Amino acid sequence: MPATEPAVDHFKETFDRIRTAVSTFIVGQEEIIDDVLIAICCGGHVLLEGVPGLGKTSLINTIAQAIDVEFKRIQFTPDLLPSDVVGTQILMDREGRRELVFQPGPVFCNMLLADEINRATPKTQSALLETMQEKRVTVANHTHTLQLPFFVMATQNPIENDGTYPLPEAQLDRFFFKLQVGLPSHDEFRQILDRTGGNSRPHVSPVAHGEDILRMGVTLREVPVAPEVQDYLVRVVRGTHPNENAAKSIKQFVRHGASPRAGQAMLAAARARALLDGRFHVSREDIDSVALPALRHRLILSFEGEAEGVKPDFLVKDAIQAAKA
Amino acid sequence: MSTRPEIESLLRQFARRHDGFLFRRVAITTVLAASAAAIVLSLFWVLRGHAVPVSVFAIVGAVAALAAWIHALRKRMTPPAAVRGADRVFDLKDGIASARHLASHAPDAAATTLQWRWLAPRLATCRVEEISEPFPKRAAIVAAVLGAIVITLGLLPPSPAVRAAEELAHETRQRVEESKQELEKLIEELEKDITAPEEKEGLKLDEFRKLVKSIDETGNRAEAARQFARIEQKIRDASRALDQQRDEETLKLAAGELAKAEETEARQLGKKLDAKELKEAAELLEKLAAKKFDPKDLKADKKALSQSKQDLAKMRAASKRLAAAGKQRQGARQAGGGQGANNQGGEGQPGEGAGDQGQPLEDLMAELDDAAAEAEKNLEEIEFDPDAEPGECEAMGRANGALGKLGKRMRGMHGKRMAQGKLDQLRQALGQAQAFTQGRTQMLGQSPGGKEAGTGSSWSERKERDDSQKNGSLTQLQGRHGSGPSLSAVEESESGTGVSSRRGETKQREFARQTESFVQRDDVPEALKLGVRNYFENLQSATRPEK
Numbered sequence: 003m004p005a006t007e008p009a010v011d012h013f014k015e016t017f018d019r020i021r022t023a024v025s026t027f028i029v030g031q032e033e034i035i036d037d038v039l040i041a042i043c044c045g046g047h048v049l050l051e052g053v054p055g056l057g058k059t060s061l062i063n064t065i066a067q068a069i070d071v072e073f074k075r076i077q078f079t080p081d082l083l084p085s086d087v088v089g090t091q092i093l094m095d096r097e098g099r100r101e102l103v104f105q106p107g108p109v110f111c112n113m114l115l116a117d118e119i120n121r122a123t124p125k126t127q128s129a130l131l132e133t134m135q136e137k138r139v140t141v142a143n144h145t146h147t148l149q150l151p152f153f154v155m156a157t158q159n160p161i162e163n164d165g166t167y168p169l170p171e172a173q174l175d176r177f178f179f180k181l182q183v184g185l186p187s188h189d190e191f192r193q194i195l196d197r198t199g200g201n202s203r204p205h206v207s208p209v210a211h212g213e214d215i216l217r218m219g220v221t222l223r224e225v226p227v228a229p230e231v232q233d234y235l236v237r238v239v240r241g242t243h244p245n246e247n248a249a250k251s252i253k254q255f256v257r258h259g260a261s262p263r264a265g266q267a268m269l270a271a272a273r274a275r276a277l278l279d280g281r282f283h284v285s286r287e288d289i290d291s292v293a294l295p296a297l298r299h300r301l302i303l304s305f306e307g308e309a310e311g312v313k314p315d316f317l318v319k320d321a322i323q324a325a326k327a
Numbered sequence: 010m011s012t013r014p015e016i017e018s019l020l021r022q023f024a025r026r027h028d029g030f031l032f033r034r035v036a037i038t039t040v041l042a043a044s045a046a047a048i049v050l051s052l053f054w055v056l057r058g059h060a061v062p063v064s065v066f067a068i069v070g071a072v073a074a075l076a077a078w079i080h081a082l083r084k085r086m087t088p089p090a091a092v093r094g095a096d097r098v099f100d101l102k103d104g105i106a107s108a109r110h111l112a113s114h115a116p117d118a119a120a121t122t123l124q125w126r127w128l129a130p131r132l133a134t135c136r137v138e139e140i141s142e143p144f145p146k147r148a149a150i151v152a153a154v155l156g157a158i159v160i161t162l163g164l165l166p167p168s169p170a171v172r173a174a175e176e177l178a179h180e181t182r183q184r185v186e187e188s189k190q191e192l193e194k195l196i197e198e199l200e201k202d203i204t205a206p207e208e209k210e211g212l213k214l215d216e217f218r219k220l221v222k223s224i225d226e227t228g229n230r231a232e233a234a235r236q237f238a239r240i241e242q243k244i245r246d247a248s249r250a251l252d253q254q255r256d257e258e259t260l261k262l263a264a265g266e267l268a269k270a271e272e273t274e275a276r277q278l279g280k281k282l283d284a285k286e287l288k289e290a291a292e293l294l295e296k297l298a299a300k301k302f303d304p305k306d307l308k309a310d311k312k313a314l315s316q317s318k319q320d321l322a323k324m325r326a327a328s329k330r331l332a333a334a335g336k337q338r339q340g341a342r343q344a345g346g347g348q349g350a351n352n353q354g355g356e357g358q359p360g361e362g363a364g365d366q367g368q369p370l371e372d373l374m375a376e377l378d379d380a381a382a383e384a385e386k387n388l389e390e391i392e393f394d395p396d397a398e399p400g401e402c403e404a405m406g407r408a409n410g411a412l413g414k415l416g417k418r419m420r421g422m423h424g425k426r427m428a429q430g431k432l433d434q435l436r437q438a439l440g441q442a443q444a445f446t447q448g449r450t451q452m453l454g455q456s457p458g459g460k461e462a463g464t465g466s467s468w469s470e471r472k473e474r475d476d477s478q479k480n481g482s483l484t485q486l487q488g489r490h491g492s493g494p495s496l497s498a499v500e501e502s503e504s505g506t507g508v509s510s511r512r513g514e515t516k517q518r519e520f521a522r523q524t525e526s527f528v529q530r531d532d533v534p535e536a537l538k539l540g541v542r543n544y545f546e547n548l549q550s551a552t553r554p555e556k
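Protein sequence lines, in the order shown, are assigned to chains A and B.
First residue of the first sequence? That's 3 in our numbering, and the numbers climb one at a time after it.
First residue of the second sequence? That's 10 in our numbering, and the numbers climb one at a time after it.
Looking at chain B on its own, in the form it has when it is part of the complex (with noise of 0.2 angstroms):
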């Protein structure tokens, strides 16, 4: 707009000057406000005992500098403010806003000349460095007095009880994390271990991934218990659908008549069911299926028919044994029916009962002894009867399908029975992780304590504990009301003998309870834990026909 230089650099310093004032005032205001707000915000935090978050400061500085950043651009000097402060400074009498405009409107004309002429001396004596502006001393001193309040309170430390609190908070987000990585590896472990569809369809694994996934790592210890317990309800619900109390109830019944069999077969059979081994029980009953016949071949070849009575014997000596368990299991639920809500273990079992068909398993097993009845029947006819219409061999067929549904329900309890397991190993690596998080205990999972040769530890030193579901004391363990061994007993009145079984009942009790403690030692090797329990065994086994 001005064509004079002294002017316009005059202008600049002041501008310069000026801004350099306002940039001053501003810093110092702008340490002042937020001195303020920060301590104001400060003992928010410090009234309730926590140490201020260094966010705090980092975001009220933020906030402030751009504060101050604005206003600072807002408020410098404009160069018509400069002219218009220029000029009230060195009393210039608008003189510089007369020059610039007569400058540009009429440059040569008679009034510019005339009007520099008055200014031009007085430009020359103004000195943008003797402007002064007073030190905001009081402000100063104000702002640095609250700023050394604010880093005094940033300094604090939380109190005990906070800290306290926010380690056991830490604690728990660790601990919870732990507790997760480690829950979501055992799934792992799990889903590799299975090995019957039955099992997988049980376990549903997926779902207990997810929400073992979904757990928040929470430094609330009691959210933490909240959420393991939901899951551990959740497993606890799937287990109970597994649950199959009343069958492996009536397997008990057959294994004890099945021990009572002259027959080895069956024998090998009560001895598998008894050991809950429905797998290999389920295979050794499938192995009693006879061959099928031809009435015709067996009438002409007496070996075959020798034969096949000889399979059918075998298979006729277990089904009639599984049937009189069927029976007295029948009757048991019949006496158990009268009862009503007494029979607690006759409840809350979905689908208890009922097989694959729905079909209860005395049920299964009444009917492979009517049809091996049948198809012994057909045989004696057979051999009796030469003039026995051929195709009644269809009773041996069903014989064979009997056993085979027999054996199906069995291989599926025993599926169940393994996914039943994983799902209570499960739960009671939920239940290890709830006690990690809430501090309970101070290592989770199974892993040994301690540390590697040479490394110093406070802890003990332990064996790895073994895990019950290995050691073959499922139901001890599991806590099942009614499964485990009672510490009472009842005289057998009936027997008949005259001589009491207490004395040989609590032998055995305590060859049990010694046996149980012995195997669950951690300090003890698998092997041997192995030899003692096979030793106790042969024992009870071999003590068992005295009684």
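Chain A on its own, in the form it takes in the complex (with noise of 0.2 angstroms):
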């Protein structure tokens, strides 16, 4: 389907719809509500992390709610087994004769609120990755196709590392973006506080369907790249490995750099963010916009990283600044 005015507007008005109505019950966090959502019209996956109590859990519910989708909700313990993610075989009674039955876990919905996803073991954790990468779920040789669209929004508690299982590197890198949630400004406190306080909590109705993601996001993909920006993103994808090139601080602290994937997703970031602005082409600017939730997560430290307990985040400036030069 070739771009066209129309379909541009519908992104545009989609998203704004879907964000208004998402403001109406979560206040401030414009960033990372417009990150959620463009991550969501790209089709990737969010990992949302935060101290506990930021609402990180009602911006998910929020969005399922403004989106017409089915929206389900697994809460990760330890003791949470992959068939539980996943579903299961059951032994059932049908008319007389016992058949095993497949019973589809939560995953099959459209967006899965995957909450505390570090407190699984990573067996566990390791049963979203099919779900995650491929949208499909294999169970006893049967592989199940997932509705599309599917979104899995993981929350993780950077603090609470006692009994947690941090995600493994291949998982992570199955996660669009990576946001951290921060605190709230005095007076966006004072609005969280007036909103929830009483009797009566905003209702938001949903705005948007499942067609319109699956449409923003073929919308978004004709936006037009020049070879200059193109080459800007490598730089910046390729800065954030430790070869001669890289920033120096790239050299000191990076095991390993960020994938093509991340690529991919920045790409298709600063696609939806152009369309956000407006335009219909990728500037330099939408690439540094994303380069920040596309690529902490993908970055190894090396140990001396970890041991200074350096921040990815100022990693991933240093390759956008060294990229720039």
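Treat the hints with caution; some may be incorrect.
As the list claims (entries may be wrong) - Here are the simulated distance ranges between beta carbons:
#: 1; chain 1: B; residue 1: Ala157; chain 2: A; residue 2: Lys326; range: 38 to 44 angstroms
#: 2; chain 1: B; residue 1: Ser141; chain 2: A; residue 2: Lys326; range: 20 to 26 angstroms
#: 3; chain 1: A; residue 1: Gln193; chain 2: B; residue 2: Ala119; range: 41 to 47 angstroms
#: 4; chain 1: A; residue 1: Pro170; chain 2: B; residue 2: Ala118; range: 40 to 46 angstroms
#: 5; chain 1: A; residue 1: Glu246; chain 2: B; residue 2: Ala119; range: 53 to 59 angstroms
#: 6; chain 1: B; residue 1: Phe32; chain 2: A; residue 2: Gln254; range: 38 to 44 angstroms
#: 7; chain 1: A; residue 1: Ala172; chain 2: B; residue 2: Asp28; range: 49 to 55 angstroms
#: 8; chain 1: A; residue 1: Thr6; chain 2: B; residue 2: Ala149; range: 53 to 59 angstroms
#: 9; chain 1: A; residue 1: Gln254; chain 2: B; residue 2: Thr134; range: 42 to 48 angstroms
#: 10; chain 1: A; residue 1: Pro160; chain 2: B; residue 2: Ile79; range: 52 to 58 angstroms
As the list claims (entries may be wrong) - Covered stretches of chain B (in silico footprint by chain A; criterion: 3 or more residues with CB under 8 angstroms from a CB of chain A, positions within the stretch not fixed):
#: 11; segment: 95-105
#: 12; segment: 199-205
Hints in this document: simulated from the structure, not taken from any laboratory.
What you are looking at is a predicted structure, and each value in this text was computed from that prediction instead of being measured.
Using N, Cα and C, we set each Cβ at its ideal position, and we do this for glycine too.
Using the supplied hints, reconstruct the complex from the two chains, each of which is provided in its own coordinate frame.
The structure is reproduced here in structure tokens:
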């Protein structure tokens, strides 16, 4: 489907509608909301990281309400089993015969909230791998395709590390964005209290459908990218690798840089940014704006980086500066 | 690449604007850097008191301009840079880059239209003229200040000492050049004056011409003096190689002996030898040769015999005197040999006493006398012994041969003497050139000073200096040891006359000094000098027999 002005308008209008709807309940966090919605438009999964009580789960719940899609939630705990996620075969008595019937897990939805994902065991975490990447589930030699659109919104707590299992790099790489939810400002805090302190709670009505999301994804993929901008993107991604041309901090603190999948994510997100900005072309500013959420979880720090407690965000910024030079 | 003229026009304007700013920046930076470099380089001269050569500024300026030009060329805005710069400056968010890309790859695509719809209104508001770059005031001020310093340094005159040294060097260079030309001219003149092959052989003018040509026109006085001194040394060596003092002394003795002769020819020969007119003396000597005779004819012809006897008598008269002089010289030589190193006149004269045939002059004289005596004896035998065997006239031939050898030797000596004189002239000219280059004299050469009538000059007008070689007082001016008149005299106690000759000798020396001083005066005409010289010579020759 070729890009047309109505398609672009649809993208922007739909995006704005969802954003507005979400904002009726979620106070502030505009950037987080935009990034989550961009990831949804791009068909990506989001990992939200923040201390408890910042509204991560509420954000996902609200987005699910705003988008008329099937929403499910899994609370990840250490005793959670993979079958609890993807589903299992159960023995059922059907017309006097007993047969194994596949009982779909909670992943069979359009939007899955994997709350506190790092509390589950790696085995359970890995159950999401195929689901996130291939958007299908294989149980007992039977592959079950998920309904599109499908998004995984995972949350994790960065401070309570006891009894947690850090996500493996392979799984981290499958997240389109990693968003860090910060504390609200003073005014936002007051607004939160106002909105949630009374008996009435704001109701979020659905303003978009799954079809709209899929159409938005098609539209954004039509946004052209100039070779110069694409070169810049490649320089940024390659700049996260500790090679000869990398920034000094990258060479010092990074063991492995971002993968091409990161580049794909950045390009898609940059296209969405361009459309949101009313443009039909990607700019370097778009690349810069999506570099942090797309790259921060994809950098594997070296021992020195871990020991120094280096924030990946600083390293990504250095890579951007190096690419601009 | 792009089919959008608006974009291309904007890019061209943008690139021009950028290049304008770039050239302004580069120009100021270049002036600053060049001025700084010129100051540093100028200090190298200024601190030593010299004026900074203009070439330094020219070179620094040229290098700076070249570097600036290369830098500006390299930093000129390229089309891709213009695209990026325009996108950045006009906040078009890579709109131009995308538009160019789309226009070239998918000009008719919907995406291209959509993108252009966004870009076109923004492009219309882009004003290249509004792009401004702050003028680099600080750099410009520093460049101006440094430039002013450079100009000041460039205009600084050299210190008085350096200026004096430069003027001196310049003057020295000019003087060396002038001296060189004068010497070359002199060599040419000397070459033209060469008459005898012996003279040419002894002079080696080609060698000296090369040496003169190789003189470097330096501004360093010491170096100039060294160059002239080296050539002078070579001339001195050449002159020393031509030295024939002992032969000349022998001839002087011979002149003394010949003056005592009764025959006119012998006395004339003696006079010529005394006057050191060796060429004429050689001719006179050769005239003494007797005709070769046949004994048989002489026996028959008494007149011829008589004529031969007369001729031989003349020859014999001269040969006796010459042989006597030769014996005296031999005696002196033997005595001198006994004294060893005290006889300085006998040393340092390579080839002296050995003529062309390697035979000492006194031996030639003795040989001549022996041959003449034998010839005389032969004639007597022919006259008084009619039965004498013919063929004994070989003695006459030997005598004539000896005469010829002696004459040739004298001609050779004449040639050497002339060559020596020319070398001395050249040496003297070198000395003058040396003095001229050293600033001890204000004029070079022997041309008279002063200018044409009516043109003023502070120089003293003096007549042309007479060259010593032309006024006959060679020996005196050469300053040769033992050759000049002595200021002390020894009484002749052995004369037996009882009359002291001291007063007379003193008078004679006084006359000689007067003559010499007179003939060397520049303001006395040549004709008058010649007359005075002849007068005194006649006077001395007239008084000599009395002594």
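- Message: When the structure is checked against the list of hints, which entries are broken? Sort them ascending.
- Response: 5 and 12
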